[in-house]
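S.K.: This is what each chain is made of:
2 protein chains.
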Amino acid sequence: MFTGFLIAVAIAITITLGFAAYNYYAVKRLAPGTREMQEIAGAIQEGARAFINHEYKIIALAALAIAVVLFVVIDWYVGVTFLLGTFMSALAGYVGMKIATIANVRVSNQARESKSLGKTLKVAFRGGSVMGLCVAGFGLLGMLLVYVFFGKIGRQIEPESMTVVANWLGISYIPFTMSITGYSLGCSVVALFNRVGGGIYTKAADMGADLVGKTEAHIPEDDPRNPATIADNVGDNVGDVAGLGSDLLESYIGAIISCVVLACYTYFINIHSSNPISDELLSRLLLYPILFSAIGLIACVIGIGYVLFRPQSDKPHRELNIALWSSAFLIVVASCVLSWFYFRGLDVSAIDFHVGPLSPWLAALTGIAAGMLIGFFAEFYTSYDFKDTRRLAEASISGTALTITNGLALGMKSCFFPVVILACAVLAANALAGIYGVAMAAIGMLSFLAATVSVDTYGPIADNAGGISEMSKLDPVVRRITDKLDSVGNTTAAIGKGFAIGSAALASLSLLVSYMHAQIGIDEAVHEAVLNIISTQVLAGAFIGSALPFLFSSLLIDAVAVSAGKMVQEVRRQFKEMPGILTGDEKPDYTTCIKISAAGALREMKLPVVIAVAVPVVAGFVFGAQFVGGLLIGSTLSAVMLALFTANSGGAWDNAKKYIEFGGVEGTGKGSEAHDAAVIGDTVGDPLKDTVGPSLDILIKIMATVSLIAVSIYSRFNLMNLFN
Amino acid sequence: MFTGFLIAVAIAITITLGFAAYNYYAVKRLAPGTREMQEIAGAIQEGARAFINHEYKIIALAALAIAVVLFVVIDWYVGVTFLLGTFMSALAGYVGMKIATIANVRVSNQARESKSLGKTLKVAFRGGSVMGLCVAGFGLLGMLLVYVFFGKIGRQIEPESMTVVANWLGISYIPFTMSITGYSLGCSVVALFNRVGGGIYTKAADMGADLVGKTEAHIPEDDPRNPATIADNVGDNVGDVAGLGSDLLESYIGAIISCVVLACYTYFINIHSSNPISDELLSRLLLYPILFSAIGLIACVIGIGYVLFRPQSDKPHRELNIALWSSAFLIVVASCVLSWFYFRGLDVSAIDFHVGPLSPWLAALTGIAAGMLIGFFAEFYTSYDFKDTRRLAEASISGTALTITNGLALGMKSCFFPVVILACAVLAANALAGIYGVAMAAIGMLSFLAATVSVDTYGPIADNAGGISEMSKLDPVVRRITDKLDSVGNTTAAIGKGFAIGSAALASLSLLVSYMHAQIGIDEAVHEAVLNIISTQVLAGAFIGSALPFLFSSLLIDAVAVSAGKMVQEVRRQFKEMPGILTGDEKPDYTTCIKISAAGALREMKLPVVIAVAVPVVAGFVFGAQFVGGLLIGSTLSAVMLALFTANSGGAWDNAKKYIEFGGVEGTGKGSEAHDAAVIGDTVGDPLKDTVGPSLDILIKIMATVSLIAVSIYSRFNLMNLFN
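Keeping their order, the protein sequence lines are chains E and D.
Throughout the first sequence, residue numbering follows our numbering, covering 351 to 1074 in sequence.
Throughout the second sequence, residue numbering follows our numbering, covering 351 to 1074 in sequence.
Isolated chain E (complex conformation):
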């Protein structure tokens, strides 16, 4: 029977990846436009390819080093699953970047040839869907491989995979949880590199282009006279596409493994209790998350396919919503049926399913509802359809200082409701299905990932298409079409960020609980995981933990600012030394700008990654497992706040600027003093919302995953043990 379930998952993955391949070639077949368009698109593609290749070399070295360590101190298969994780995540990022750089020019050309919003939308969304389907498909494929080769769950819970073992160093752990945690860590490491590297790349180019182009030379965005403009477009692909893809793949996997690991530890903790988890129930608990996710895949294939094959429409916002909500609706219905038959008749009280077989399904619904609400608040605070961003736009009449001040206040205020929703979701999921339910809430939130990533990727593709149209001096109507598509993408991106932050918080919390179980569950016979925050050791960890996201953010902002500063100097130099550029008689040197962005990103991405990976390990070896528990909770709390604050401040500044450009504030508009103030707000917000915010999501998950692996080592070997 379990083999049957695994085959079903394999079929779902095959369908998903097959559909992705179909869409890939369907986009590639389209005409790529004029020679000029192809030239520009070629330059973007080449820039992105060069960066990703270089970045992947660095990642490969880092990954190999980590794999060797895992191989030596734990066991060979953890090194292998880790490398599998890096491979899957890297692959998803690569494919996404590839299709985005193929689709961008074809979107532009579709708009040029058909002048139809509906037709152009289909191309852009088809391009985005390749990424969405690949992220979820590859992520789950790797997970399935780990199950089949290292879990042996297809047949039964076999001793070598589901018992506690001790390795040559005397470190004890459960092989299966180690395998999947290793897989998750692989995904996390690539995600962190891609997010941080891509984030620095894209915002250095963007800020550099804006600081000189818009503010000094007063030329519009994507103007071919701006030497940084190609770098800016490359950045969209390596940051907003490849970075986002690996990021969400990592969230997806993180949620799944936190659920699985929790189930394992709960099983071991209760093994000698009066109410143990039966072997049958355990197997079902371990398989449930990937079955749920497989249902998600098929639902998204249907939702995306429906939008792609139905007659075209001129309402892009509605189309995207149909894709999202039809997928979500199908998941809710199908997973309800699955859960009912799957858990019916089993005694589920041992795992705290308080309302019967549908408990985990209800917990997942809590997650979906919380994700939607958090997404709504992201839109509420950052869209100019609502009062806060409008008021921010109006504040720019009073000058730059009040624009910045009000934007900061808006971002701070915007943390409150999402956090209350998150807290309620945690309480509700726990009341329904225990801590397993909290992990299921994260899985629910991410179950229609293929659809959300498709929508998220469609945005930067449309953005790039706009850039290519502008640079190739196409008919302005083409730009208007791509702009319309892009602006719809911005709104959905805000919602996507809400999901990313919410699910990251839930996944890290589940991982943290797993961590506490890992620490107590194996060596002793304690029945409840306790992390006493008022013990001074945990408290000290929590203090330092809550400072880490601030440190991490400042490193990222500095990295962007330094690279952007170099870009500014280069652009100024070109304008000065080649006066023909601004008159349009001379072609700017795009390549140097691309190199500056790439070099900056590759140089600056290393330290933040090292901090994220090394701090919990070093802290564990010095201060022990309790301290690291504090570190994790402190960093999670503070990272969630900072992520919401930066994402919403940045988003609101961006849209306040757009609101002014679009004429929303009387007596202002492009070129007014209020607009200048709003542009500065937008520039300040850029690194906050696109580099800092998304990287923080990964930071907390990677810290939790690293600790979950390392705790088995440092709970045995640490300085505190030495002294006691």
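In short, the hints are calculated from the structure, not lab data.
There's no promise every hint is true.
Using 20 Å as the maximum straight-line C-alpha spacing, the simulated SDA-like pairs for lysine to any residue come out as follows [stated by the list, open to error]:
{"#": "1", "chain 1": "E", "residue 1": "407", "chain 2": "E", "residue 2": "949"}
{"#": "2", "chain 1": "D", "residue 1": "926", "chain 2": "D", "residue 2": "939"}
{"#": "3", "chain 1": "E", "residue 1": "926", "chain 2": "E", "residue 2": "949"}
{"#": "4", "chain 1": "E", "residue 1": "916", "chain 2": "D", "residue 2": "740"}
{"#": "5", "chain 1": "D", "residue 1": "834", "chain 2": "D", "residue 2": "667"}
{"#": "6", "chain 1": "E", "residue 1": "737", "chain 2": "D", "residue 2": "748"}
{"#": "7", "chain 1": "E", "residue 1": "737", "chain 2": "D", "residue 2": "915"}
{"#": "8", "chain 1": "D", "residue 1": "937", "chain 2": "D", "residue 2": "567"}
{"#": "9", "chain 1": "D", "residue 1": "737", "chain 2": "E", "residue 2": "939"}
{"#": "10", "chain 1": "D", "residue 1": "407", "chain 2": "D", "residue 2": "826"}
{"#": "11", "chain 1": "D", "residue 1": "737", "chain 2": "E", "residue 2": "915"}
{"#": "12", "chain 1": "D", "residue 1": "564", "chain 2": "E", "residue 2": "968"}
{"#": "13", "chain 1": "D", "residue 1": "378", "chain 2": "D", "residue 2": "389"}
{"#": "14", "chain 1": "D", "residue 1": "926", "chain 2": "E", "residue 2": "747"}
{"#": "15", "chain 1": "E", "residue 1": "407", "chain 2": "E", "residue 2": "1019"}
{"#": "16", "chain 1": "D", "residue 1": "564", "chain 2": "D", "residue 2": "901"}
{"#": "17", "chain 1": "E", "residue 1": "737", "chain 2": "D", "residue 2": "878"}
{"#": "18", "chain 1": "E", "residue 1": "916", "chain 2": "E", "residue 2": "953"}
{"#": "19", "chain 1": "E", "residue 1": "1008", "chain 2": "E", "residue 2": "729"}
{"#": "20", "chain 1": "D", "residue 1": "916", "chain 2": "E", "residue 2": "744"}
{"#": "21", "chain 1": "E", "residue 1": "564", "chain 2": "D", "residue 2": "1023"}
{"#": "22", "chain 1": "E", "residue 1": "916", "chain 2": "D", "residue 2": "389"}
{"#": "23", "chain 1": "E", "residue 1": "945", "chain 2": "E", "residue 2": "935"}
{"#": "24", "chain 1": "D", "residue 1": "916", "chain 2": "E", "residue 2": "747"}
{"#": "25", "chain 1": "D", "residue 1": "665", "chain 2": "D", "residue 2": "682"}
{"#": "26", "chain 1": "D", "residue 1": "564", "chain 2": "E", "residue 2": "411"}
{"#": "27", "chain 1": "E", "residue 1": "823", "chain 2": "E", "residue 2": "939"}
{"#": "28", "chain 1": "D", "residue 1": "926", "chain 2": "D", "residue 2": "941"}
{"#": "29", "chain 1": "E", "residue 1": "926", "chain 2": "D", "residue 2": "667"}
{"#": "30", "chain 1": "D", "residue 1": "564", "chain 2": "E", "residue 2": "949"}
Starting from the known structure of chain E, arrange chain D on it as the hints suggest.
M.R.: Okay, now just chain D, sitting in the frame of chain E:
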């Protein structure tokens, strides 16, 4: 013997307040300068007086309401000690404001008549010392009264004050801890009102004056043509003097009571254990914090007196440092002797004094050292003698956006080391003297409060004197003298902020531990206070708790921005309707501006205060005591980060601007584009560093104090109990 100790404390207080009175009249006796100077000073004095009177009426109403609630739901004497606390805190604020508005014009006149930096310094410091001595003296006086009338500790631990009682509602508590917590809450409520109200007042006036004056009309600071300039100077007195005074009095008392309450609860928790705390030891533990503080008073009287009576010097920085460090040195020596004889021969193992009778003294030293280090880092990140602020100043060459971005990154980075120091201090103090030691670390940090507040208050007095000199068009040499004094004050103010944040964190943590004890210690026989952060209820509380400081900050920033916006409109109106103002032919209407600031502050200060007081109480009644525990830890962690971030970003922007003005960055200076960018940075930083940062310190302490009182009520009556 204990009566003897109490008499000694009374003598120390008498000497301190006597010296304050002497200094008060010594300053008042001085000549107040020309008729014009007196007129301006009169206007400032009148504005400050009117605001404080109005504010105190509101505070009185709020305090009476709270006192009635305490009277009804707990007992009459808690209402009385609460009112005593409000009275002492209000008195300290009032006297400080009074002397500051008397001293400012006399400082200006001293500079005018003597043209001597040294002589002027003495007057300013004498003025500041009145405030410093009063804050510590009044704070400890009230505490002593509570001990004498409600503690009965002078004779012995009598049953009615040192047992657990139950009142008519069935709520059980320890009368003595309730009395002193009530006293502390009184201090907190006034401090919060004064800080928030004063903070909004001063920054609304300051930003309003700067936004139109400096940025639009290009007239210098304190120019008499600026209609908001008197309001700005009034703001210094109600915010930086009265607000600061009540704030630090509250910290001082908060640290003392957290130590005392902890001792009480530890006593009760261990009363039936194998190693109970003896009655003798308990009495000594309860008295130790106020003896330590009394030593601090005398040391500060000597330190301050030495600087006032020694021959004048032209090195103001050195003079202030002598006052600070001689006081600190005396405290260290004297308290060492006290501790040795005080605890010698007692069995101190029951209270976790791990290194004998000197344990609490060593813990206090840890606090002093941590405070100094945190102060050093505050200076390191915000002074232009160090690289970070210099780099920030250089960034302003690249424009406003990078100035803001870099300032934000600097502030975020600056959280790390202070927090690490704080964590180490907690670990060290706990290792030396248990959780009592952590509270003693806070007391150590604040023990030379009289000296630090004197130094802190001297700054705004010098600042005001500069304003008066400018407005009365005195010889520029006068302004140069006051500017010099003011700039020294800025550095010491940064250090003072470090102490304020550090001690607030330690005091809140001690209060939080007391809270956990209060919750478990009375009803059950649990021996260790546990707050399990990974239980979902605590976690949910922690999430919401960490969002509260962000919400609170955004309300404060909004309040300042709204009031500043009104001020901008008024100043613009006056410039437009009375064109004679800018040419100097017409006198601006100062009074309207003063009224705008006052009305804004009084209107906007209420909501933040209500949130701070009501949230923990309401949360307790709905979700119970564990949830509130999470709320407290979450808000403490997040408030400490935000307080450091805002204080240091703001301070660095301020000093980066000064560095440019002073010619530190080549090719810039007043009027350059870089200077404009730096001025915008400074304006953004103003509400962050002077309104948000200091208010956050109080927020966490008032929440902890309120909870500590309310927990006895809601641990009996709450919705969760109803359901279970």
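S.K.: If a hint holds in the structure, say so; if it does not, say that too.
M.R.: Hint-by-hint comparison with the structure:
With a C-alpha separation of about 14 Å, the suggested pairing of residue 407 of chain E with residue 949 of chain E holds against the 20 Å cut-off. With a CA separation close to 13 Å, the supplied pair residue 926 of chain D and residue 939 of chain D stays within the 20 Å bound. With a C-alpha separation of about 23 Å, the suggested pairing of residue 926 of chain E with residue 949 of chain E is violated against the 20 Å cut-off. Restraint check for residue 916 of chain E and residue 740 of chain D: the C-alpha separation of about 19 Å stays at or below 20 Å, so the hint holds.
Simply put, residue 834 of chain D and residue 667 of chain D have alpha-carbon atoms about 10 Å apart, close enough for the 20 Å limit, and the pair holds. With a C-alpha separation of about 32 Å, the suggested pair residue 737 of chain E and residue 748 of chain D falls outside the 20 Å cut-off, and the hint is violated. Distance check on the hinted pair: residue 737 of chain E and residue 915 of chain D sit about 18 Å apart at the alpha-carbon level, within 20 Å; holds. At roughly 16 Å between alpha-carbon atoms, residue 937 of chain D and residue 567 of chain D fall within 20 Å of each other, so this suggested pair holds.
Restraint check for residue 737 of chain D and residue 939 of chain E: not satisfied, since their Cα atoms lie roughly 34 Å apart, outside the 20 Å limit. Between the alpha carbons of residue 407 of chain D and residue 826 of chain D the distance comes to roughly 41 Å, so the proposed pair goes past 20 Å and is violated. Taken as a hint, the residue 737 of chain D and residue 915 of chain E pair is honoured in the structure, with Cα atoms around 18 Å apart against an allowance of 20 Å. Between residue 564 of chain D and residue 968 of chain E the CA atoms are separated by roughly 50 Å; this puts the pair beyond 20 Å, and the hint is violated.
At most 20 Å may separate the alpha-carbon atoms for a hinted pair to count; residue 378 of chain D and residue 389 of chain D meet this at roughly 16 Å. Note on residue 926 of chain D and residue 747 of chain E: the hinted pairing holds, with a Cα-Cα distance of about 18 Å set against a maximum of 20 Å. Our distance criterion of 20 Å between C-alpha atoms is broken by residue 407 of chain E and residue 1019 of chain E, whose separation comes to about 46 Å. Only pairs whose Cα atoms come within 20 Å are accepted, and residue 564 of chain D paired with residue 901 of chain D is rejected, the gap being roughly 31 Å.
For the hint linking residue 737 of chain E to residue 878 of chain D, the alpha-carbon distance of about 49 Å lies beyond 20 Å, and the restraint is violated. As the CA atoms of residue 916 of chain E and residue 953 of chain E are separated by approximately 13 Å, the hinted pair is consistent with the 20 Å bound. Restraint check for residue 1008 of chain E and residue 729 of chain E: satisfied, since their Cα atoms lie roughly 15 Å apart, inside the 20 Å limit. Simply put, residue 916 of chain D and residue 744 of chain E have alpha-carbon atoms about 14 Å apart, close enough for the 20 Å limit, and the pair holds.
A distance of roughly 17 Å separates the Cα atoms of residue 564 of chain E and residue 1023 of chain D; the hinted pair therefore holds under the 20 Å criterion. Distance hint between residue 916 of chain E and residue 389 of chain D is unfulfilled; the C-alpha atoms sit about 54 Å from each other, more than 20 Å. About 24 Å separates the Cα atoms of residue 945 of chain E and residue 935 of chain E, which puts this hinted pair outside 20 Å; it is violated. Between the alpha carbons of residue 916 of chain D and residue 747 of chain E the distance comes to roughly 13 Å, so the proposed pair stays at or under 20 Å and holds.
Between residue 665 of chain D and residue 682 of chain D, the direct Cα distance comes to roughly 26 Å. Violation of the 20 Å bound is thereby established for this hinted pair. A threshold of 20 Å between alpha carbons decides the hint, and for residue 564 of chain D with residue 411 of chain E the separation of about 55 Å lies outside it, so the pair is violated. Taking the CA atoms of residue 823 of chain E and residue 939 of chain E, the gap is about 18 Å. The hint holds against a cut of 20 Å. Between residue 926 of chain D and residue 941 of chain D the alpha-carbon distance is near 17 Å, which keeps this suggested pair within the 20 Å criterion.
Proposed proximity of residue 926 of chain E and residue 667 of chain D is contradicted: the alpha carbons are some 48 Å apart, above 20 Å. Straight-line distance between C-alpha atoms of residue 564 of chain D and residue 949 of chain E comes to about 41 Å, which puts the hinted pair past the 20 Å bound.
The structure does not agree with the numbered hints 3, 6, 9, 10, 12, 15, 16, 17, 22, 23, 25, 26, 29, 30 stated previously, though it agrees with the rest.
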